[in-house]
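Assemble chain X onto chain A, guided by the hints.
Just so you know, the sequences run in chain order A and X.
If you use this note's numbering, the first sequence closes out at 469, no skipped numbers anywhere.
If you use this note's numbering, the second sequence closes out at 226, no skipped numbers anywhere.
Hints are computed from structural coordinates only; laboratory data are not their basis.
Some hints could be false.
[As the list claims (entries may be wrong)] Coverage of chain A stretches by chain X, computed from C-beta distances (three or more under 8 Å per stretch; other residues unrestricted):
#1 8–14
#2 453–463
[Stated by the list, open to error] Under 8 Å between C-beta atoms, here's a sample of chain A residues computed to sit facing chain X:
#3 I27
#4 E327
#5 R330
#6 I338
#7 G339
#8 G340
#9 T341
#10 A370
#11 S374
#12 L466
As the structure is a computational prediction, the values presented were derived from the model and not from experiment.
Cβ coordinates follow ideal geometry from the N, Cα and C atoms, glycine included.
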Amino acid sequence: MNAITRGIQGAIRSPIRAGAIIIMLAISIGLIVAMLAAKAGVENKINSVKQSAATTITVRPAGVMGFGGGGNPLTADQVAKISKTTHVASTVSTLTDQLGTDDTNLTPSLELGSFGRRLQRFESSGSSSSGESAPQLFSSSDGESNANRPAPTPRTTVTGTTDVNSVAQNGGSLTVSSGGAIDGNASDYQALVGKDLASKNNLSVGSTFTAYGQTFTVKGIFTTDNTFQDSGIIVPLATLQNLTSQAGAVTEMAVNADSSDNVGTVVSSIKSALGSDTVDVSSEQQRAEASVSSLSSISNLATTGVVGATIAAAVIVLLTMTMIVRERKREIGVIKAIGGTNVKVIVQFMTEALTLTVVGGIIGIIFGIAVSGSITQGLVDSQTGNNTNTAQRTGSPEGGMRVARGDFAQRFGQFGSSAQRGVEAVTSSVTPSTIGIGIGLTLLIAIVGSALPAWLIARIRPAEVLRTE
Amino acid sequence: MSIEVENLTKTFHAPGGDVHALDNINFKVKTGQFVSIIGKSGSGKSTLLAQLGALDNPSAGKIIVDGEDITKLSGHKQTVYRSRKIGFVFQQYNLIPNLTAIQNVMLALEFGGMPAGKRKARALELLAAVGIDEDQARRRPARLSGGQQQRVSIARALANQPAFILADEPTGNLDSDTGQSVFKLLHDLSRTHNTTIIVVTHDLDIAGKTDHTYQLKDGALTSHKR
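Just chain A, with the same shape it has in the complex (with noise of 0.2 Å):
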């Protein structure tokens, strides 16, 4: 028998003090085991949101959000000022327009509903086609009479664009149902119609009808799974640009830098080249952030945690070998009287100590692996409740208005909202590395926690033996 195989049988020597100090060990040692893989679940889906969000900015003309706000579109000189921007690998140009019942022969398959004609109650000019009389729901209410305004009409949306796939609700390709795509570059009067404008117009590929007086040719129809999108046409960006009258002139860029490490570079470039007032610069990795930074603080709360479960467990080591060791000061003296050296000695009550740890850190850890999946749900619950809480409160724009903001707007809108569904879906991740982690930190308390008691073994006097009590 050694003093390592002493140590082991000396912490078994009282099985009810053992076993307690071991169970208080395992719920510190678990709770370590289920921080750590709570912030390791967590961080990889703050890396995965990070890396979905990819390297896509969002460049709009200041004040311009979808049919929105005012201001005037990007101009063909400040697009190419942004596509000849460092790091900006390609860019999508958009602009969007809407058709009334003047513009075209089709007719809207969106119903306007008392929101879209809410949104054209202040319009001076329209057309009253479609039958529909002013809502006397808000004629009454804002009191302000209808006489001399024309009736609401529902629209068509059209979107130019230099890539159809802008226009795609899951930052993919776009579905074409049927048909082939346009190339976006062209300006021929070729374009996809939506699902449902088809549908409502009887049109398939090979059809035609009329917009700014011409005739377009259906190269396909489009579905998305967003019926705002497929009430809509899409045609080629310098088609809609010159039947519009507004040559060069984009309401949204989609840029796309050349590593994800650039955005904020890009961002602030674009920002800096053309001025902050002129236009508005977003990136996804930057509403990945805002979405993630819930995920964030729980990350440091985990921190927090493993750090103060780590103290704890270190200073119930710590007091419970200081209390063995002043219950056994006589026996440290008989073992130094007949021979053993002071390491000995040490060697054999930190081997004491180390097997209460390593015991109350195998249950530990098997009982952080089984408990770490409720507990980082509960702290994703917790926090992203409380975020949503806060986002109802304030109206946060990612909540509402997207019908309002046009595609992009919409998509981005959708992007947010599946973020959050994500950061809702953190699982905990027990890896090799958090096991490890979990072990290393185990062997950390036992010494940190042996270290007062073995000065205090070295301090004791052998002739302790010959005191009597």
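Relative to the frame of chain A, chain X by itself:
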């Protein structure tokens, strides 16, 4: 192997002033002698034993063992001295409570540097020599009588064939018969193994049976006249 004490002084510094527990003590013990030191409680008996056993360092003076002053040894060498040349027997036995009798003896053998493979046989041999059978050898101290525990303690003291055995009131916690039995064991050891034994006691009956008795009074040592 003899032990020679020269001008040994031990002074404790207390708030009420210095206490001279040992005051300029001189004596010599020859190899194989069985010597007793008697004195009242607080006379300095245990303090003297602590100096002889290198458990504590004196304030002044020398303790010469085989021509070497043990008070000048480093802490590590004093530990080696204790493990190889000294065997302790205590009034309260001081066995390690969670180790069996045999493990307690093996502990001293480990500190004495005996190879692990030989310790158990040697421990059993020592325990048998002091009257502890194999069944008792496998018991923990709590399951042994006081006399049996003191026998185990003596076996532990003998483990590394020490030159001296220092015994602090070895019969103090035992009844008269058991005390006599333990004393006889120590006495026989000094005769058969030529081991020097210094026993501190207040039992004059036991002291009377040793080769020489010293009396300690107020820190001063005098040779006791019978």
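Each hint tested on the structure:
Requiring three or more residues with a Cβ within less than 8 Å of a Cβ of chain X, the coverage given for the region 8–14 of chain A holds, as 3 such residues are present. Evaluation of the coverage hint for the region 453–463 of chain A: fulfilled, as 3 residues show C-beta separations to chain X shorter than 8 Å, against a requirement of three. With its C-beta approaching chain X no nearer than about 27 Å, A/I27 sits outside the 8 Å limit, and its interface hint is violated. Annotation: interface hint on A/E327 violated; nearest CB of chain X at approximately 11 Å, more than 8 Å.
Taken as an interface hint, A/R330 checks out: its beta carbon lies about 7 Å from the nearest beta carbon of chain X, inside 8 Å. Hint status for A/I338: holds, given a least beta-carbon distance of 5 Å to chain X, under 8 Å. Interface restraint check for A/G339: the shortest CB-CB distance to chain X comes to about 2 Å, inside 8 Å, so the restraint holds. Annotation: A/G340 was flagged as interfacial toward chain X, and the flag holds, the nearest CB pair being 5 Å apart, inside 8 Å.
Interface hint status for A/T341: upheld, as the beta-carbon distance to the closest one in chain X is roughly 5 Å, under 8 Å. Interface restraint check: A/A370 against chain X, minimum CB-CB distance 34 Å, threshold 8 Å, status violated. Look at A/S374: its Cβ only gets to about 40 Å from chain X, farther than 8 Å, so that hint breaks. Using the Cβ-Cβ criterion of 8 Å, the hint placing A/L466 at the interface with chain X is satisfied: the shortest such distance is roughly 5 Å.
Of the numbered hints stated above, those contradicted by the structure are hints 3, 4, 10 and 11, listed in ascending order.
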